[in-house]
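Respectively, the protein sequence lines represent chains U and P.
With the first sequence counted from 1, adding 9 to any position gets you the numbering used here.
With the second sequence counted from 1, adding 2 to any position gets you the numbering used here.
FYI, nobody ran anything at the bench for these hints, they're computed from the structure.
Here the structure is a predicted model, which is why all the values come from computation and not from measurement.
Be aware that a few hints might be false.
As the list claims (entries may be wrong) - Which residues of chain U face chain P? A partial, calculated answer using Cβ under 7 Å: (1) Glu104; (2) Val108; (3) Ala128.
Think of the CB as a built atom: it goes at the ideal place given N, C-alpha and C, for glycine as much as any other residue.
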Amino acid sequence: MLDVNDIHVTYGRLRALKGVSLSVKEGEIVCLIGPNGAGKSTTLASIAGGVTPHRGTISLEGKPLAGVGPEGIARLGVSLVPEGRHVFGALTVAENLRVATYMRKDRSAIAADYDRVLALFPRLQERIGSPGGRLSGGEQQMLVIARALLTKPRLLLVDEPSLGLAPKIVDQVYDILLAARKMEGLTLLINEQSSHRILKHADRIYVIRGGHIQLHDTAANLQDGEAIKRAYFGFGEEAAIDEEDAA
Amino acid sequence: MKSGTRPSLVRRFWPLVALCLVVTAIVALGSLGNDELQVTITEMMIRLVVVVGIYLFIGNSGILSFGHIGFMCIGAYAAAWATVDPTWKQMMLTGLPDFLQNNQYGFLPAVAGGGLLAAFVALLLGSAIMRLSGIAGSIATFAFLAIVQSVYSNWESVTAATSSIIGVPTVVGPWVAWLFAIGALVLAYVFQISRFGLMLRASRDDEVAAKSSAVGIVKVRLIAFVVSAFIVGVAGALYAHFLGILTADTFYLSLTFVTLAMLVVGGVGSLTGAVTGVIVVTVVVEVLRHMEAGVAVGATNLHLPQGSQEIGLGIIMALVMIFRPSGLARGREVPWPFTPAARRAKVPAV
Chain U
10 MLDVNDIHVT
20 YGRLRALKGV
30 SLSVKEGEIV
40 CLIGPNGAGK
50 STTLASIAGG
60 VTPHRGTISL
70 EGKPLAGVGP
80 EGIARLGVSL
90 VPEGRHVFGA
100 LTVAENLRVA
110 TYMRKDRSAI
120 AADYDRVLAL
130 FPRLQERIGS
140 PGGRLSGGEQ
150 QMLVIARALL
160 TKPRLLLVDE
170 PSLGLAPKIV
180 DQVYDILLAA
190 RKMEGLTLLI
200 NEQSSHRILK
210 HADRIYVIRG
220 GHIQLHDTAA
230 NLQDGEAIKR
240 AYFGFGEEAA
250 IDEEDAA
Chain P
3 MKSGTRPSLV
13 RRFWPLVALC
23 LVVTAIVALG
33 SLGNDELQVT
43 ITEMMIRLVV
53 VVGIYLFIGN
63 SGILSFGHIG
73 FMCIGAYAAA
83 WATVDPTWKQ
93 MMLTGLPDFL
103 QNNQYGFLPA
113 VAGGGLLAAF
123 VALLLGSAIM
133 RLSGIAGSIA
143 TFAFLAIVQS
153 VYSNWESVTA
163 ATSSIIGVPT
173 VVGPWVAWLF
183 AIGALVLAYV
193 FQISRFGLML
203 RASRDDEVAA
213 KSSAVGIVKV
223 RLIAFVVSAF
233 IVGVAGALYA
243 HFLGILTADT
253 FYLSLTFVTL
263 AMLVVGGVGS
273 LTGAVTGVIV
283 VTVVVEVLRH
293 MEAGVAVGAT
303 NLHLPQGSQE
313 IGLGIIMALV
323 MIFRPSGLAR
333 GREVPWPFTP
343 AARRAKVPAV
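Bound-form chain U, shown alone (with noise of 0.2 Å):
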């Protein structure tokens, strides 16, 4: 469904993305995991059209997506749920719900999805006449995420859900998110800092750190966690690779 194929994302003189390659197949729930500065948000965003990779390329079911722009790849059926909780602060849950749903073709079946959806966030319901900026932390989240299935996606890409959130909320959200995907029928790409939780759910993972993916595997392989580890902190063989980079 999805190939990125060896980008390059450079801000000034940093160079964030040496190379980055993943796929993500119809119906998966992939995830990324690295520490802070790994590049897993700029991984994102470049799929999502908000930074412009200067080298590789990036396909959605074969179609390559340079120059769509972000509101064209949100069009077709990507929808990028950003990290730190985007909402419109001055808009109600409600009307921050109704623009998700603007550039939709499909205008019958948006009531239903509307109240499909709304019936997955029983918190929102209770704060659907409340702006946007009120709502705590873990709502927040709730109501972007709910904004983004509302822009009705196939592939959903989820920039660190759990970030400054109680293990508790972050439960709730990854119950959402799955629920979510069975209703949907979506496909899914994670950004995750820690990697426990996303071991039970995960199809397949990819470790990044320093703007390379240092390792990929299906999390069934990876259920010990020690080769995450070692890529995660750069134990070994790949310490060679970060001195390469900084020559």
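Based on the hints, put chain P in the right spot on chain U.
Structure of chain P alone, referenced to chain U:
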């Protein structure tokens, strides 16, 4: 959409109805007063059209514009070109195209023409600068104001430059201005609650999230910019037919300052704020002006020093910034008056 998520039609349009009633009441009361009051009320209504027009763009997009008085200038001159006596135009405005130079048009076509020319210029300008956000966009609009000012005060054969256009029919009184004020309020409110208004306010709150919700930010901004320029251009045409004489200096920094002050005092976040600001600032400025002229108390004539108006306006703005940073209306619309007090207290729960 389920009925539970969208309030009924009456409730959705309540703020607009309330504002129209207030504005109508002011004009109706004013029409009982003397000629001087009539002039004040007329000017207030024209400024209301300007401020509502500016609000439509600034309030919804979050981009401060210093350039809208330039659109007012464009609208004012375009309307004057249409309604001034042809013999005068043939003598003074030799650079005008024939259809304007040799004909005289009615008031309404002239107003429409003024609005449309301003909207057209906004379309050209906006296509270039709507991708700029924040202060970069604001500076670009300021540059536009300076360009308009410079062109209109020097283009002798078209604008009569410093010798000014005279003989514009003064047909705008309180009720004509009122009619356009109501029109501007309706247009601004309908835009605000339309999908374009909602998308624009979403982009104001968070550009990243708006883009990932597939909002074409540049496009919705441009639509607002053009509609807003149209309203302000119409206000310019009204102003021309209120003053009777046009010079480009009328449409520069002091008018920009007063209109933006109105928007800031009332609050840039809501249409109610825009209207409140126009009313409050007009009242304050008028009271101070009268006190500058002097108030007779017994045998002595007490009066404030010259310049009190400007100082007073400055103080009001400073106080509002300190005590109500989001303006007198706090970015909210007129609330629905029939919500039980107990429930109303529950709504803003954090």
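Each hint tested on the structure:
{"no.": "1", "hint": "Glu104", "verdict": "holds (6 Å)"}
{"no.": "2", "hint": "Val108", "verdict": "holds (4 Å)"}
{"no.": "3", "hint": "Ala128", "verdict": "violated (11 Å)"}
In summary, the one numbered hint that this structure violates is 3.
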